[in-house]
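Chemist: Okay, here's what each chain looks like letter by letter:
There are 2 protein chains.
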Amino acid sequence: MERSTEYNKITPMSTSANTRASLSFAPLELNLARTWTTARNTSNQKKNGLLTIRCDGVTGLGEAAPNVRYGQSYDSAAAAFERITAAVEGLDPMEHRAWIARAVAVAGKDLEVVAALDMALLDWKGKKLGVSVADLLGIPRDPRRMPVTSYSIGLDTPEAVRAKVREAARFPILKIKVGTAQDEAMIDAVREVTQKTLRVDANEGWRSVSEALERISALAARGVEFVEQPLPASDMPGLEALAERSALPVFADESSRTIHDIHRCSSAFHGVNIKLSKCGGITPALDMIAAARAAGLKVMIGCMIESSLSIAAGIAVAPLCDVVDLDGNLLIAQDPFSGLEIEGGRWALPGRPGLGVDWSVDGPARAE
Amino acid sequence: MERSTEYNKITPMSTSANTRASLSFAPLELNLARTWTTARNTSNQKKNGLLTIRCDGVTGLGEAAPNVRYGQSYDSAAAAFERITAAVEGLDPMEHRAWIARAVAVAGKDLEVVAALDMALLDWKGKKLGVSVADLLGIPRDPRRMPVTSYSIGLDTPEAVRAKVREAARFPILKIKVGTAQDEAMIDAVREVTQKTLRVDANEGWRSVSEALERISALAARGVEFVEQPLPASDMPGLEALAERSALPVFADESSRTIHDIHRCSSAFHGVNIKLSKCGGITPALDMIAAARAAGLKVMIGCMIESSLSIAAGIAVAPLCDVVDLDGNLLIAQDPFSGLEIEGGRWALPGRPGLGVDWSVDGPARAE
Chain W
1 MERSTEYNKI TPMSTSANTR ASLSFAPLEL NLARTWTTAR NTSNQKKNGL LTIRCDGVTG
61 LGEAAPNVRY GQSYDSAAAA FERITAAVEG LDPMEHRAWI ARAVAVAGKD LEVVAALDMA
121 LLDWKGKKLG VSVADLLGIP RDPRRMPVTS YSIGLDTPEA VRAKVREAAR FPILKIKVGT
181 AQDEAMIDAV REVTQKTLRV DANEGWRSVS EALERISALA ARGVEFVEQP LPASDMPGLE
241 ALAERSALPV FADESSRTIH DIHRCSSAFH GVNIKLSKCG GITPALDMIA AARAAGLKVM
301 IGCMIESSLS IAAGIAVAPL CDVVDLDGNL LIAQDPFSGL EIEGGRWALP GRPGLGVDWS
361 VDGPARAE
Chain G
1 MERSTEYNKI TPMSTSANTR ASLSFAPLEL NLARTWTTAR NTSNQKKNGL LTIRCDGVTG
61 LGEAAPNVRY GQSYDSAAAA FERITAAVEG LDPMEHRAWI ARAVAVAGKD LEVVAALDMA
121 LLDWKGKKLG VSVADLLGIP RDPRRMPVTS YSIGLDTPEA VRAKVREAAR FPILKIKVGT
181 AQDEAMIDAV REVTQKTLRV DANEGWRSVS EALERISALA ARGVEFVEQP LPASDMPGLE
241 ALAERSALPV FADESSRTIH DIHRCSSAFH GVNIKLSKCG GITPALDMIA AARAAGLKVM
301 IGCMIESSLS IAAGIAVAPL CDVVDLDGNL LIAQDPFSGL EIEGGRWALP GRPGLGVDWS
361 VDGPARAE
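Order-wise, the sequence lines are chains W and G. Residue numbering for the first sequence follows our numbering, beginning at 1 and increasing consecutively. Residue numbering for the second sequence follows our numbering, beginning at 1 and increasing consecutively.
Warning: the hint list may mix true and false statements.
Intra- or inter-copy, both count: the list cannot distinguish identical chains.
Unchecked claim - Below, in silico cross-link-like pairs of lysine to any residue (SDA-like), each with a Cα-Cα straight-line distance of 20 Å or less: (1) Lys298 x Ala101; (2) Lys196 x Val148; (3) Lys196 x Leu248; (4) Lys298 x Ala105; (5) Lys128 x Arg352; (6) Lys127 x Asp188; (7) Lys127 x Ser234; (8) Lys164 x Arg141; (9) Lys196 x Asp156.
FYI, nobody ran anything at the bench for these hints, they're computed from the structure.
I would like the entire structure built from these sequences, with the hints used as guidance.
Modeler: What follows is the structure, given as structure tokens:
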């Protein structure tokens, strides 16, 4: 397989040592398998960040996936990494909740870097102790507890959508991006070629409660299972009014960034999409799952466009969730990490120590 | 030191093997250092249960502390242990969240046995991996993150109360049991001999909102910091009305058994007292702490009359809490377990693998 030149240029952009551990942050550039379009934007490439922690001869890795929706970029992530590195000075990697608390306090909007730090710490701890991150957290191993992931189909022409759906034959559940005037046409195009379970994500694309109600009714008639983020997160009154009258269950995504959003979401949604890069990693996600359960909300675990490194971290907590949408690594051309296995749409919990992935043999050059 | 005959009689009452691990449950009888009286009852002895898990040559221990308030007894705990043992058949001790989910499903009212199971699993996992339970969970190690524990003074005559307060000289914070017609006299007796921080626990002892408001005003005038469970848990309308007008912050105890109570508590309390034996152990307590934070509630970690084994489990999560009330082991005559250290009212996180306690040399005979 041909190597992307971007991958070969991975070099630590900044390195910093605290008393116990040394940390570094470098670009992790991902090429998308095909142009990716949502109600918000279109892209062919994603510049993520790779956070490395080294301590006692063991290396832990984590990935930061900046999202423009939250004002994040690779550069803002790199700047946040500098602040975080200073804040965690002197902590032992074993006390990872102390790292996360200090990192959150200085990360500002860049919680994707806290997520990378949390992944790296747990990857490190698992490797250090010789257990998988899932075992470290006591996650149920029964494969039946792992919900089948959805596979996302971006916005496109009806013809292209039909082609994408046919190519996604091995995925039993599809998540269709909507949020434009062509929503019904999108779903009709999908339904022409499959009767699979469909979920839709409007990415805040609809403009009013009445438009959303109309669209949701049309989607319900086409056998859609639920809708994600129908209205802008800023329109809480609209979202509350919608939840009461919606023909389909409504999940929060842009409205549910961190645990602090859970209480508010309980009056406007039936469930929440938790993403590690939004909330700050596995540890905050476990807390957020607990808070969502306590508030009577269904729990979905989602992702950004990201490599198998981040997806492995999502898989580790997926058995605690009702709905899984972990497909970011399937949308990129050359995954820099390998080690994950999927069958019938169900990810397997990796058994190897740490997050269970390693650098791809045919992927990018290592940062080290 | 003379051994109690009860301790020497500890023998496994029931033993059961699943594919991976063998489990047993036996009485752990504790003699109280002095008669213990609350608004609910008086006792001189406590019959707890010791849950043992053995797997791969490693032994994990947990303690069940039945509470009459929740319809629990040693016998009901032993019966719940049988049901739980059958339900966890075939699970690996590493996947402890799977054990807890199955145990909760069959435990009925006896969540104290789930707590014992969770402690034993984490004690086992820590010993197996060579780390303390606190390190396994990533708990902050900074001693300043460990809140000073309160020390409890049971209901008694003013003279006896003064004597108890003098004897408690090494504890900077006292928790005074109230909930009778003599409340102000109790606090006045305490205030005659100390100006320490005082908290009070009414144990559902007051009968009406107006009585509670009157008592709380009198307690506020005597410099009390907060009040625990002023009215019966069954009187939610009263508790909600009280929270709005109370001169002091109000914490839930009997109203906050499990994570399912958190949402309701957010409208009637300023904080919740989380106890491992109420909620089902360390793992459910971590979830409950997260849910309480998300609901804007302060978090207290409390205990029952129990040995250093249970207290060690409480200490492992105490750095995540605002208020600590871990003194159950200080109220018993011969602690069967040792290894915990307290200074200036602040427990130290044990560094040894597992929960960090071992059988007392001068304590009871071992069950094995």
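Chemist: Each of the hints needs a verdict: does it hold here or not?
Modeler: Going down the list of hints, with the structure as the test:
1. For a Cα distance limit of 20 Å, the shortest separation of lysine 298 from alanine 101 across copies, 17 Å, qualifies, whereas the shortest one inside one copy, 26 Å, does not.
2. Proximity of lysine 196 to valine 148 under the C-alpha cut-off of 20 Å is restricted to the intra-copy arrangement: shortest distance 13 Å within a copy versus 57 Å between copies.
3. For the homomeric pair lysine 196 and leucine 248, the shortest alpha-carbon distance inside one copy (17 Å) is at most 20 Å, but the shortest distance between copies (57 Å) is not.
4. Only between protomers do lysine 298 and alanine 105 lie at most 20 Å apart by alpha-carbon distance; the minimum there is 19 Å, versus 28 Å within a single protomer.
5. With identical chains, the CA atoms of lysine 128 and arginine 352 are at most 20 Å apart both within one copy (12 Å) and between copies (17 Å).
6. Taking the closest pair of Cα atoms, lysine 127 and aspartate 188 never come within 20 Å of each other, the shortest separation being 48 Å inside a single copy and 57 Å across copies.
7. For the identical chains of this complex, lysine 127 and serine 234 are neighbours neither inside a copy (42 Å) nor across copies (49 Å), given an alpha-carbon limit of 20 Å.
8. Within a single copy, lysine 164 and arginine 141 get their C-alpha atoms no closer than 32 Å, and across copies no closer than 51 Å, so neither meets the 20 Å cut-off.
9. In the homo-oligomer, the alpha carbons of lysine 196 and aspartate 156 lie at most 20 Å apart inside one protomer (19 Å), although the nearest pairing across protomers, at 69 Å, exceeds that limit.
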